[in-house]
Amino acid sequence: MSDVERHAYDCLVIGAGGAGLRAAIEARERGLRTAIICKSLFGKAHTVMAEGGIAASMGNVNSRDSWEVHFRDTMRGGKFLNNPRMAELHAKEAPQRVWELETYGALFDRTPDGRISQRNFGGHEYPRLAHVGDRTGLELIRTLQQKIVSLQQADGRESGDLDARLRVFAEVTVTDLLTEEGRISGAFAYYRESGRFVVFEAPAVILATGGICKSFKVTSNSWEYTGDGQALALRAGAALVNMEFVQFHPTGMVWPPSVKGILVTESVRGDGGVLRNSEGRRFMFDYVPDVFRGQYAESEDEADRWYEDPDNNKRPPELLPRDEVARAINSEVKEGRGTPHGGVFLDVSTRLPADEIVRRLPSMYHQFKELADVDITAEPMEVGPTCHYVMGGVEVDADTAATAVPGLFAAGEVAGGLHGSNRLGGNSLSDLLVFGKRAGDGAADYVSSLPQTRPQVRDEDVEHAAQTALAPFAAPTLGAFENPYTIHTELQQTMNDLVGIIRRESEMIEALQRLSKLEARERDVVVEGHRQFNPGWHLALDLRNMLLVSRCIAMAALERTESRGGHTREDHPDMDARWRDVNLVCRFDDKGEVVLQREMLPAIRPELLALFERSELTKYLTEDELSRLSPLDPEAGR
Amino acid sequence: MSYEGSFRVWRGDDDAGGLVDYQVEVNDGEVVLDVIHRLQATQAPDLAVRWNCKAGKCGSCSAEVNGRPRLLCMTRMSTFSPDEVVTVTPLRTFPVLRDLVTDVSFNYEKAREIPAFEPPKGVAPGDYRMAQVDVGRSQEFRKCIECFLCQDVCHVIRDHEQNKPAFAGPRFFIRIAELDMHPLDTREGRAEAAQDEHGLGLCNITKCCTEVCPEGIKITDNGIIPMKERVVDRKYDPLVWLGSKIFRRQT
Ligand SMILES: Cc1cc2nc3c(=O)[nH]c(=O)nc-3n(C[C@H](O)[C@H](O)[C@H](O)COP(=O)(O)OP(=O)(O)OC[C@H]3O[C@@H](n4cnc5c(N)ncnc54)[C@H](O)[C@@H]3O)c2cc1C
Ligand code: SF4
Ligand code: SF4
Ligand code: FES
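Taken in sequence, the protein lines are chains U and Z.
Residue numbers for the first sequence follow the numbering used here, so the first one is 1 and each next one is one higher.
Residue numbers for the second sequence follow the numbering used here, so the first one is 1 and each next one is one higher.
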């Protein structure tokens, strides 16, 4: 395999969404020769689809906001399973990261006094989401893309070569990470266009590959979300944490079938939209859980007053964290109060004037009009839960984004920890920027600490990676030929039905059995045609990642015998404080099988605990934790 | 409701290719991309097509449907009658890679020729102040999802390959217009550069670009024409011309 195309860089960023681009900018600014690799065209990564906004406590709309309040909201949203250090860094650094985007040319919507406007969102105490209408992700990715171009132009002026220090390899898929003695030495990839292989030699790799939801049938995610980064990390020796926590966004489209799952932004509710069942009842008032009682309005009148006077009224329960709203919708539909197409009604038409709806929610207006023949300024939408985001991911060090494998870093949706058991809306885009930058810094520090000789790419690893990638073209000696599309459909159905929004022990055991069978069949997948832009082949290669990650999700979900955030067990319906500080971690054993282990969550520092009322902490922490708290620090938990 | 639809899809690569007929199931509410996906899953597993969001947000699935530049994910099957043959072909202005996938690198090269945003000196991050009315104009252009349908339809390069080196195309005219109208961009002479370096003069305002833009951006009325007017004013108004020269020499 010595004839394979090769490139050498200081740092390889896999993924060109918000996290990858921000990481690459930092790595390049810190002097690393950096390559960005992505499966789609430049500027098309999943981040482009984000709608509602970026959470950052700039306090432009309500000056009471601060990082402490944002930290508190994030911990509550994640039901205290968040990595507390990550939640702290995220809340503290998000405003700087958003302001920085303006220096790159971003144009957010403005407040009357000319600052960045901020909107309300579920679980955020104050209006906190910087936004551009409902196309915030587009603004974010375009801004970062254009910043990358500006850095390339600067390099071009200096050296005559635009790609001298920062180069984008678009429509290239990484299938294996390469290591030498457990340290990163590079990555193996193929050009989607030609099917040619390419090897990148680099001592530092930053994973920014996004999520996994393409393993589920009803999802808001695109084909890219096949869990590649999670699988690459596992196979390279890193760990995955919290994989049982998968977010089902409460409002996806339910009709027509071909658009089922496409997202309806939470901004619809943040801007006044309400949820009703088939009887016309605003049912969310019936679903405020104990831990949030007292923080949400108890009557429609109070909820409606909150939009005008948030300081003296409590917020509407439609703005509870996503897991609560998704479960509520699920129950309403199950109990026969759903819409004709199996959702509930989301209505903004009776809440805002038509022109205001079109101004604030242009792409939602467009989306429903074009795809469902529904005019959201005149009639309600039908919505239901859709698989949206994975809270779990690669286990990283909070400050440096480093994984357990030297030279391997992870940031963005592919990394785990920040969001605990449930992510608040808007906290992903800010996550991408905060930890994308930190990953770039982490990689720069790591590379400068290396001795002269870097870890080497071994020929036999390249050979092996090439054979694995070509396997689907060879017919199996035994058994039937399998079609990758069929296996994918069966996997999606399995995860949807058996490891979905409400989980039961028996079903997850069955899911694991089915996954074993699918894994066996996956080895017999055969693809037609040749290597040039062949989607059947691409899917065949993505399948092994989806199957591996699905297994991790099912194993962790079976193990956690409680309900918390994005993990709801019908057979263990309550949150259990004894699980509060337990992380479930997946790793490979020496035979290459996934093993699940329990690890303790890092302790929450006393000064961070002190940000909460003691009465609130008692809802989450064990007796033991509480008793340790008070004598040591009388200030904590005031 | 579902029926058997007739489709003709262009299959091939840069060497050779042609239209291939398919009969495929079409269901209520579907878009052309759904049908292409069904073809992949049932009859043509190696049929190449780009897509990501399936909701008109990413601009990946651009192709031509019955000869019109369209997003495949936003073209409803209900716009055709069940007995109509629907023809799907790749963007004509760019070289075919395979089937419906074209080489759009032209656009990424042009993007790198447009000078980037130049931030105001001495304004710290967090201190940027801009009024909504002033950012609104540039925001319209920033809605662009880079589907390149406007680039595909523009006759300047669709029918005249030789113009490509000198012509940035409508997508990048509005990129220039966006920066030109950005309240805090400090670079001078963007509209003039559009004319002198990026081929604005080749545009004869046919408005085909505006017609195909899935984001409804008024490319010509709000972007191209105001820049053309400004350039013309400067060229013919001796005072403005002199002023701009003196101003530039001083900075
Ligand atoms: C419809 C929708 C709306 C959303 N709205 C919001 C919102 O309003 N606010 C918010 O905070 N969050 C929102 N989210 C969540 C948020 O958009 C995502 O979590 C976030 O964009 C993920 O960014 P990322 O940088 O981690 O990855 P992505 O943007 O997904 O990028 C992943 C990149 O990795 C590349 N990649 C993957 N695998 C490989 C491989 N094997 N080889 C090479 N490259 C690879 C991909 O090509 C891509 O470039 C939304 C999500 C969806 C789906
Ligand atoms: S208006 Fe100008 S840019 Fe637009 S299609 Fe016509 S010639 Fe091309
Ligand atoms: S301006 Fe409109 S048509 Fe042109 S690339 Fe952008 S979104 Fe597409
Ligand atoms: S798939 Fe994104 S615009 Fe069509």
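It is worth saying that the hints were derived from the structure and are not from the lab.
Here the structure is a predicted model, which is why all the values come from computation and not from measurement.
Take these hints with a grain of salt, some might be off.
[Unchecked claim] Here are the computed distance ranges between Cβ atoms for each label pair:
#1 U:362 / Z:131: 15 to 25 Å
#2 U:356 / Z:129: 18 to 28 Å
#3 U:602 / Z:196: 57 to 67 Å
#4 U:362 / Z:125: 45 to 55 Å
#5 U:312 / Z:129: 27 to 37 Å
#6 U:588 / Z:43: 34 to 44 Å
Glycine included, each C-beta is placed from N, C-alpha and C at the ideal position.
Next item on the list: Take a look at whether the Cβ-Cβ distance between residue 356 of chain U and residue 129 of chain Z falls inside 18 to 28 Å.
Entry: holds (25 Å)
Note to self: Tell me if the beta carbons of residue 312 of chain U and residue 129 of chain Z are separated by a distance inside 27 to 37 Å.
What the structure shows: With a Cβ separation near 30 Å, residue 312 of chain U and residue 129 of chain Z satisfy 27 to 37 Å, so the hint holds.
Margin query: Please check whether residue 362 of chain U and residue 125 of chain Z have a Cβ separation lying inside 45 to 55 Å.
Written below: The hinted range 45 to 55 Å is violated for residue 362 of chain U and residue 125 of chain Z, with Cβ atoms some 28 Å apart.
Item checked: Outcome of range test on Cβ distance (residue 362 of chain U, residue 131 of chain Z; 15 to 25 Å) -> Taking Cβ atoms as reference, residue 362 of chain U and residue 131 of chain Z lie about 20 Å apart, which means the hint holds.
Next item on the list: Just tell me: holds or violated, for the beta carbon distance of residue 588 of chain U and residue 43 of chain Z against 34 to 44 Å?
Entry: holds (38 Å)
Notebook entry, point to check: residue 602 of chain U and residue 196 of chain Z, beta-carbon distance inside 57 to 67 Å?
Noted result: The hinted range 57 to 67 Å holds for residue 602 of chain U and residue 196 of chain Z, with Cβ atoms some 59 Å apart.
This entry does not satisfy hint 4, going by the numbered hints stated previously; all others are met.
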